[in-house]
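A.B. asks: Residues per chain, in single letters:
2 protein chains.
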Amino acid sequence: MNKIEPRTLAGTMELLPSEQILFNQIKEKIEKTYQKFGFLPLDTPIIELSQVLLAKAGGETEKQIYRFNKGDTDLSLRFDLTVPLSKYVAKNYGNLSFPFRRYQIGKVYRGERPQKGRYREFYQCDIDIIGDGELDVINDAELPSVIYTIFRELGFNDFTICINNRKILNGLFEEIGQKENSVEILRIIDKIEKIGKEAVIEELEKIGVLKQAIEKIIDFIEITGTSKEKLEKLKELKIENETFKQGLEELEFVYENIKLFGVPEENYKIDLTIARGLDYYTGTVYETFLNDYREIGSICSGGRYENLAEYYTNKKLPGVGVSIGLTRLFYKLNELNLIKTTKKSISNIIIIPMMENLEEPIKLATELRNLGINTEIYSNNKKLKAKMKYADKLQIPYVIVIGEDEINNNKIKLKDMETGEEEEIELDAKKIASKLKI
Amino acid sequence: MNKIEPRTLAGTMELLPSEQILFNQIKEKIEKTYQKFGFLPLDTPIIELSQVLLAKAGGETEKQIYRFNKGDTDLSLRFDLTVPLSKYVAKNYGNLSFPFRRYQIGKVYRGERPQKGRYREFYQCDIDIIGDGELDVINDAELPSVIYTIFRELGFNDFTICINNRKILNGLFEEIGQKENSVEILRIIDKIEKIGKEAVIEELEKIGVLKQAIEKIIDFIEITGTSKEKLEKLKELKIENETFKQGLEELEFVYENIKLFGVPEENYKIDLTIARGLDYYTGTVYETFLNDYREIGSICSGGRYENLAEYYTNKKLPGVGVSIGLTRLFYKLNELNLIKTTKKSISNIIIIPMMENLEEPIKLATELRNLGINTEIYSNNKKLKAKMKYADKLQIPYVIVIGEDEINNNKIKLKDMETGEEEEIELDAKKIASKLKI
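In order, the protein sequence lines correspond to chains H and D.
Using this note's numbering, the letters of the first sequence correspond one by one to residues 566 to 1003.
Using this note's numbering, the letters of the second sequence correspond one by one to residues 566 to 1003.
There could be a bad hint or two in this list.
[Said to hold, decoys possible] The list that follows gives simulated cross-link-like pairs (lysine-lysine, DSSO-like), each with its CA atoms no further than 27 Å apart:
{"hint": "1", "chain 1": "H", "residue 1": "597", "chain 2": "H", "residue 2": "880"}
{"hint": "2", "chain 1": "D", "residue 1": "909", "chain 2": "H", "residue 2": "656"}
{"hint": "3", "chain 1": "H", "residue 1": "656", "chain 2": "D", "residue 2": "880"}
{"hint": "4", "chain 1": "H", "residue 1": "897", "chain 2": "H", "residue 2": "950"}
{"hint": "5", "chain 1": "H", "residue 1": "996", "chain 2": "D", "residue 2": "824"}
{"hint": "6", "chain 1": "D", "residue 1": "952", "chain 2": "H", "residue 2": "880"}
{"hint": "7", "chain 1": "D", "residue 1": "909", "chain 2": "D", "residue 2": "1002"}
{"hint": "8", "chain 1": "D", "residue 1": "824", "chain 2": "H", "residue 2": "976"}
{"hint": "9", "chain 1": "D", "residue 1": "996", "chain 2": "H", "residue 2": "594"}
{"hint": "10", "chain 1": "H", "residue 1": "594", "chain 2": "D", "residue 2": "824"}
{"hint": "11", "chain 1": "H", "residue 1": "909", "chain 2": "D", "residue 2": "597"}
{"hint": "12", "chain 1": "H", "residue 1": "880", "chain 2": "H", "residue 2": "928"}
{"hint": "13", "chain 1": "H", "residue 1": "824", "chain 2": "D", "residue 2": "995"}
{"hint": "14", "chain 1": "H", "residue 1": "656", "chain 2": "H", "residue 2": "744"}
Bear in mind the hints are in silico, worked out from the structure with no lab data behind them.
Let the sequences and hints guide you as you build the complete structure.
C.D. replies: Given below as structure tokens:
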């Protein structure tokens, strides 16, 4: 028979078991943290009706969609977890309690050209808090504590949650009458580190921004200092625009309240440069960076939006949320050797019988499982060497070899595979279990 | 703006949060049990290259595939977890330890016409043990203990794991020279309860089965009694065919060894009628039934196959596995009100502040979370009634209301929402945590 080469589609992640164990541990830590903050689980379908899923999409997003027909039905694979959430909340509005706090961890699909670290199928881990009509800004101050707890759980200390508020920049542009030019202005000012202040001023003049307006822009982008200093300097700009003032007030409130939620001051700050480009968000925005690895980019981002589900319902549903792109994060952390976790195997212990009658070894395995120990029994008829090699390759931390002698003497040797040490113990599941460091 | 109706594709399962919590508990119990037996996690992509995924498929399966092009690439959504496993093992052969024990829990896709209880997107929960060249039959005796542990964990006692061996029927057909007619003969004998023995004999004569052969078939299908009696009666048939004899030997061995793995005798039996139709399996086959709800059909099925990945590799990879169709199982159990689980909420406790300064209530929430308690704080500015309604609707088991008085007196009332009882406790996270029954 002709064989077909067993390939996996480029841009999808398929791990070896030892890596999958690590990946799942990270995923589980994220999920447990979301639950710790009282977010409810959701699991929406990966395939949706195109008409529903693409209600809003357009441009670049639409090009990346996996879209196809089955019979007469026009279907698409979800490209994020936010649109399905919008649909879900609009659909189930009457059955939900608001503020609706949900998490969803699942795969999303984008038909990208596959490159290193770019994925066509990848996990997103999202939380959102959705209000019915309104949602207090205090919720914006709670989310950084979720981010903080997750990255501490994952073994990181030196990371910074950067916060900003979209209304500040929007208000500034309104104030100087440059709302329509905002995309172009942002493009220019983001080059300041590369081309210098004078060149930026020149380019702004070229697109017709007036001198006074340019001064305000420059004053704004030159704001530096501590978070508190930035807040002061923003106030000193004396901008009377209502959007600006509201943004500043929200940013100050969020900044002041984050610490109530137990996030240490070294782990968050105001950064007026983040999330400038995304017009999806309308208020608070977040990006999170590992300080020693800024080149990875933001590892957890999100923000506040005014109206989640306007394409599906007249109900006003403001929300705030953050998302972790887990597949890419795992890839990067793995590449940089930054995954700090110790559990490398699923089984805590493996029992290797050295006799034909498996009754006693199997009984011990069952008893250990009943005590909550993940226990494997190597029941296949192989040489001891092959059996030990198997245990070693799977990195199972403890091994017990059982033969006639062990059963007759009612004693076994528990081998710690990391230290190589052996300890003689009574052949008793409880006594064995009590010796395991797991 | 015109609104689009927020619909979900028929044949997909999208649950309300309270149901999703139940679903996830069942999924987690299945996963933890798979891990308890030392199966390794796997997570293969949902989209695969059609050429690879459909190497074997044909006929009805192929019609049901969600298949589409993106650019030049011909892609399909996986329709089971077995083909991806075949690809994975063939691809990663050199990096795996054999016997390779893996579990995978994930969604699969079939373009069925949606009917009640039929799904286009559904979860399968699979375990398989794959041998390199060979795999001892003792593995076939281990899997029923995994099935047993899962359904006990899910709160069921009265279920039966039925086992059979495909070689017995295959050998019988070989013995009587009716191998080619086997599908037709199976179709006829499966009608025996409806049309009676005489009509079956008549139909068998009509398709040209000789009298002596019919006698053997009838002797076989009339075998009844306990599992041990069935084994005896199979021996008494005096069939000399090698396949038959091997099947009988394997069935007896599996039957005798299941009890070593701790499965009580009332939870398994030999049933010579199961899995007659599936020619995918080549040895042991399993089906599992809730005895009071046989109409649900088998809730966990599987079996032994000779060669997992023959379409991808020349390596001989025999295996044995079982699968739970979780989405359908959940649907049926829910419909019959058979889900026995107590945890109805994610949060263990909710803190309801009755004051503007949230410092103390938030501090308490953080401390409770650090003690491992899933804690929600209702930080939105609403009336007490609205806040209590929220806690009640989410079925959060404990509520603490904190106002100025509570903080001044350093005492709170912990309300048990099930009993309605209130207990006064010191405002101290550890003392509060110790009172929670979770």
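A.B. asks: Against this structure, judge whether each hint is valid.
C.D. replies: Status of the hints after comparison with the structure:
no. : hint              : in the structure
1   : H/597 with H/880  : 31 Å, violated
2   : D/909 with H/656  : 22 Å, holds
3   : H/656 with D/880  : 51 Å, violated
4   : H/897 with H/950  : 37 Å, violated
5   : H/996 with D/824  : 24 Å, holds
6   : D/952 with H/880  : 21 Å, holds
7   : D/909 with D/1002 : 14 Å, holds
8   : D/824 with H/976  : 24 Å, holds
9   : D/996 with H/594  : 26 Å, holds
10  : H/594 with D/824  : 37 Å, violated
11  : H/909 with D/597  : 16 Å, holds
12  : H/880 with H/928  : 60 Å, violated
13  : H/824 with D/995  : 21 Å, holds
14  : H/656 with H/744  : 35 Å, violated
Of the numbered hints stated above, those contradicted by the structure are hints 1, 3, 4, 10, 12, 14, listed in ascending order.
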